[in-house]
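Same order as they appear, the protein sequences are chains U and X. Just so you know, my numbering puts 51 at position 51 of the first sequence, and the rest follows in order with no gaps. Just so you know, my numbering puts 88 at position 88 of the second sequence, and the rest follows in order with no gaps.
It cannot be assumed that every hint is accurate.
As the list claims (entries may be wrong) - In the PhoX-like style, the derived pairs of lysine-lysine whose C-alpha atoms are separated by at most 20 Å in a straight line are: (1) U:Lys-18 / U:Lys-116; (2) U:Lys-3 / X:Lys-59; (3) U:Lys-5 / X:Lys-59; (4) U:Lys-54 / U:Lys-43; (5) X:Lys-97 / U:Lys-103; (6) X:Lys-6 / U:Lys-5; (7) U:Lys-103 / X:Lys-96; (8) U:Lys-43 / U:Lys-25; (9) X:Lys-44 / U:Lys-3.
These are calculated hints, taken from the structure and not from any lab test.
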Amino acid sequence: MSKPKFVYVTYIASTPEKVWAALTKADVTEMYWFGYRVKADGKAGDRMTAYSPKGEKAHDDPIIESDPPRRLVYGWQPLFKDMQGERPSRVTFELEPFKDQTKLTVTHDEFDESSKIFGMISQGWPAVLSSLKSYLETGHGLQSTWAEKVARCDAQASNDR
Amino acid sequence: MDAVFKALADSSRRELLDRLRAGNGQTLNELCARLDMTRQAVSKHLAVLEEANLVATVKRGREKLHYLNPVPIHEIGERWIGKFEHSRLQALSDMKKALESRDD
């Protein structure tokens, strides 16, 4: 087994059950995942789906493991046009109670060697996890600096055309 | 947040983070091999970084792999940088990098 490419950890002043719900229910992810509706509340073998704020389908990936509220593993193959053809990578969420908080570890591995997704991930997860923490602790997600950056890249690309 | 600033207020620890940024998921041995620090010092600095959650670790067999965890740094950025300041700050940072690299 190759070693994970990314490991992210955040401590959230909340219960594993609430963090689990925030990771798997589309109505909750919409509040902090920069408007994305991510549904991953099924069993292993069911699908994880994600829709962009514009309603475009961004993910339709298999749930590989689901052990609420401890461990969730799903495939990761964005449906954006320029990323199709890449082998799916894999995301693992591990939730552990830690004092009066929940330690959330996100591991992302099994990337294609020349992955384009790779570069975006290194920007994406810290933003999503900071926003999740803020949402659960204060009731407000963060403004998306990452989404702002992606939007800026899009604008740049259309200017270049 | 105090722990993050304390951990970052040391050039050896910042160098360790730079090493992890260049190659994520290194063992203690791998980190020591490329540094002019004793194994004991590296181990101690890593413990401080892990305590501040700037380094995340994963056990693989008997090995412990160290990863740069930028989440706390991201939180600091989000706290003081406003929503619409990012592109201007990025432009300044790009300009600084471009101008300073000409001397190389």
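Hint-by-hint comparison with the structure:
Restraint check for Lys-18 of chain U and Lys-116 of chain U: the C-alpha separation of about 32 Å exceeds 20 Å, so the hint is violated. Using a Cα cut-off of 20 Å, the hinted pair Lys-3 of chain U and Lys-59 of chain X holds, with the two alpha carbons roughly 10 Å apart. Of the pairs offered as hints, the one joining Lys-5 of chain U and Lys-59 of chain X holds, with about 14 Å between alpha carbons and a cut-off of 20 Å not exceeded. A distance of roughly 27 Å separates the Cα atoms of Lys-54 of chain U and Lys-43 of chain U; the hinted pair therefore is violated under the 20 Å criterion.
For the hint pairing Lys-97 of chain X with Lys-103 of chain U, the CA-to-CA distance comes to about 36 Å; that exceeds 20 Å, so the pair is violated. With a C-alpha separation of about 27 Å, the suggested pair Lys-6 of chain X and Lys-5 of chain U falls outside the 20 Å cut-off, and the hint is violated. About 37 Å separates the Cα atoms of Lys-103 of chain U and Lys-96 of chain X, which puts this hinted pair outside 20 Å; it is violated. Of the pairs offered as hints, the one joining Lys-43 of chain U and Lys-25 of chain U holds, with about 13 Å between alpha carbons and a cut-off of 20 Å not exceeded.
Distance check on the hinted pair: Lys-44 of chain X and Lys-3 of chain U sit about 24 Å apart at the alpha-carbon level, beyond 20 Å; violated.
When the structure is compared with the earlier hints, violations turn up for hints 1, 4, 5, 6, 7 and 9 and for no others.
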